[in-house]
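A.B. asks: Spelled out from the first residue to the last, the chains are:
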Amino acid sequence: MPVAQTSPFREEKIVLHPIKILLLCVGLLGLYACGGGSGGASSPTPTPMPMATPTPSPTPTVTPTPTVTPVPSITPTPTTIPVPTITPSPGGFSLFIKQGTVTITASPDTLNGAQSLSVWGYSATESNTGTTVPGVLLEAREGETITVNIKNDLSQPHNFSVRNLPSTQITPAASALIDSGKSLTYTLTPTTAGVYLYEDTVANGVNSAVGMAGALIVRPAQALGKVAWPGGPTYDKEALWVIQDMDYSHWNLVALDPSQGPSKVITASYTPNYFLINGMNGFQAMYAPGTELRGPAGTTTYLVRIVNSGQYAQSLHFHGNHFKVISRNGVRLSEFEEIDTLNMPPKETAMVLYTISQRGYYPMHVHSAQLETGNGVYLNGTAAMIVGE
Amino acid sequence: MKINGLFSPRVLTGSALLLVISAYSNTVLAQKAFVVRDVATANNVSLVVRDFTKTMRDGTPVPFWVFCTGCMGMNNTGLTLPGPILELTAGTPGQVTLNMMMAPQEDTGSIASNAYLGHTIHLHGLDMDTQNDGVPESYAAQNSGSSVTLREGVTYMINPPGTVRVDDRYIGSHMYHCHVHTVKHLEMGMYGMFIVKGGGALAGHINAAGPKYDEEWNMMLSTVDPRYHTAAAKGDSTIFADYIPKYFLINGEEGYDVANPSNLDLRHSVTLAGQSKNLVIRLMGILSTQASFEIRDANNVALPFTLYNVDGFALKTPQTVTQVQISPGQTKDIMVTLTTAGVFYPQVQFSDLRSAQPYPNGLVKTELTVVQ
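Chains A and B are the protein sequences, given in the same order. Residue 2 is where the first sequence starts when you use the working numbering, and the numbers rise one by one after that. Residue 74 is where the second sequence starts when you use the working numbering, and the numbers rise one by one after that.
Wrong hints could be hidden among the right ones.
As the list claims (entries may be wrong) - Straight line, CA to CA, 25 angstroms or less: simulated SDA-like cross-link-like pairs of lysine to any residue:
1) A:Lys325 - A:Asn165
2) B:Lys438 - B:Val221
3) B:Lys285 - B:Thr126
4) B:Lys307 - A:Thr268
5) B:Lys319 - A:Leu254
6) B:Lys389 - A:Gly331
Bear in mind the hints are in silico, worked out from the structure with no lab data behind them.
Bound conformation, chain A alone:
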């Protein structure tokens, strides 16, 4: 079948308006006058353009208005970090299933996006205070038993299920329901160090999607120090990222409406517009303790435990350095591949080692369209900051 050779751009219409040409000429003159336009220069140092002299922009296409972002200070942190301890309350962990609020803060750049989201979650308190999303962080050590007492303060039955935890290591089973106003005590004896997702699996996943999810960290024995698992890789610091997407209008507002409820959510349709990391929006999470990665460059390796409790795959891109993936869904990998972008499918977990290799500020952010936003407000989606000191 003969095919004629034609321009590859044949179907593309080049748009160059006459007014743009005029603006270009004005812009070129303006740039020359202000010392700009050093394109192609081979300066050995980056970005020598001074900004102390605000120059009127000859056209809106040449000199953008400066963006002012809050500047956090770099505060040296101790280089010796103790091995984390686990201190559940006497008698085990106490969780309360209740309604709560996630507060989305505005973008400091545009002042847009502040919003309160109504959610359900596993809270540490029965009062109106405290965090509900993600749920209380549960921690255990390999082979040791913990108890988790859960009281249901909502009007529907709920449950508690830990993904990828063998059924022999948790009682009662996920099929047990916690009726409204009742409590149930779970006994967990996890034997494999790692990070797990726990959630409510009732109502076809609607309850989990509106906030009822959290993380269980299983650590090796205290005496082994900071290792991912017995005989596994060592680290200096650690962080936990629980990421979650929410279709607030079509799922939360329906499920939490007493006149409707979870059964009224149309689960075939899902258009999430909020993307949380540790229950926070991007600007809030960036420098939050426990979410931010920070430490002396060259000597700080983080173990980052990641849980995707949502329904969307999130592709997490780290700036500043490649990192090593050491486990996925509880499976300890035999080879730690070095990548810069980690795809986290829904309901999956992973552990990575990120070494802060250079000074400066480096974002970790999701690399797909609306997930970078909070209801369309930029950088209020899934994001964190990495700070090399």
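Add chain B to chain A, keeping to what the hints say.
C.D. replies: Just chain B, lined up with the frame of chain A:
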């Protein structure tokens, strides 16, 4: 046509099966010499930002913003989606300068600080330092709120004097893209491929420990939600709160179409000339969905190939597979060893982020012709 072993990861030599070469294949061969995309060395390159409107296959005009070289004034040379391929030899210095003199800007209207004006170049995967990373927010954090990185004429320095970060470990595929209001600017087309190649004894190798290749084919996967390209999609907008991809692209094209010979980036031919040939295919995901890559034969059977690099770094153990996934921001480099003639179909299936369900029109095919 014999296909068994055609894509063996081993380098095969010896006799290959004869195949009658069609006139069609001859046409493909002739077109191979046709330059369809600029390749620029990143040792010292200036990237211009321009806009243009691309008419999609269904006749819909969609505005794009792209990087290009040599496209100032009325010169539209190299005005393509995606932008030019940038190449750098590992361990050598590179400079990429941003030229915004003809740059389209986001009309942010009432946005308080016009936060989303300007452009940058982020060298995705090269692990640049903050000063050269092209991220306005982290640059401001490092530099007392400065927005200098958004200014015209910024030069991004790779391996500046006295330092070598992008070394042989980085031999593989990476990307570059604007990092301003990326939910808008990436969607508008401000991206391209960045390939680090081995020098000296590693010239032509897929990575520092991997085999040599004879041919290379680069594929940039992207998606388009036309709503993001409208004038209403600016600043903080609820348009960006959802993403409904309508067009699925490889190298800016909607798939090989015999009736549309303009999409030459989607065809590749290899001449064996009596010996096997190693073809590297570099897959770069600037998409906002999920995607999977396969190579099918004429009987629609998925053929094996070997995955060597992920995100521009070599796997410790290459993996022979019949499918790889490419997620937003990822790159993967695969190699196939061609031993016999035939026509094959490297293809990408785009799927959604929730349940990986294929989009109905999300299968984008290319065509690989192997001639004796």
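A.B. asks: Now tell me if each hint is right for this structure.
C.D. replies: How the hints compare with the structure:
no. : hint                : verdict
1   : A:Lys325 - A:Asn165 : holds, 22 angstroms
2   : B:Lys438 - B:Val221 : violated, 42 angstroms
3   : B:Lys285 - B:Thr126 : violated, 39 angstroms
4   : B:Lys307 - A:Thr268 : violated, 30 angstroms
5   : B:Lys319 - A:Leu254 : violated, 29 angstroms
6   : B:Lys389 - A:Gly331 : holds, 21 angstroms
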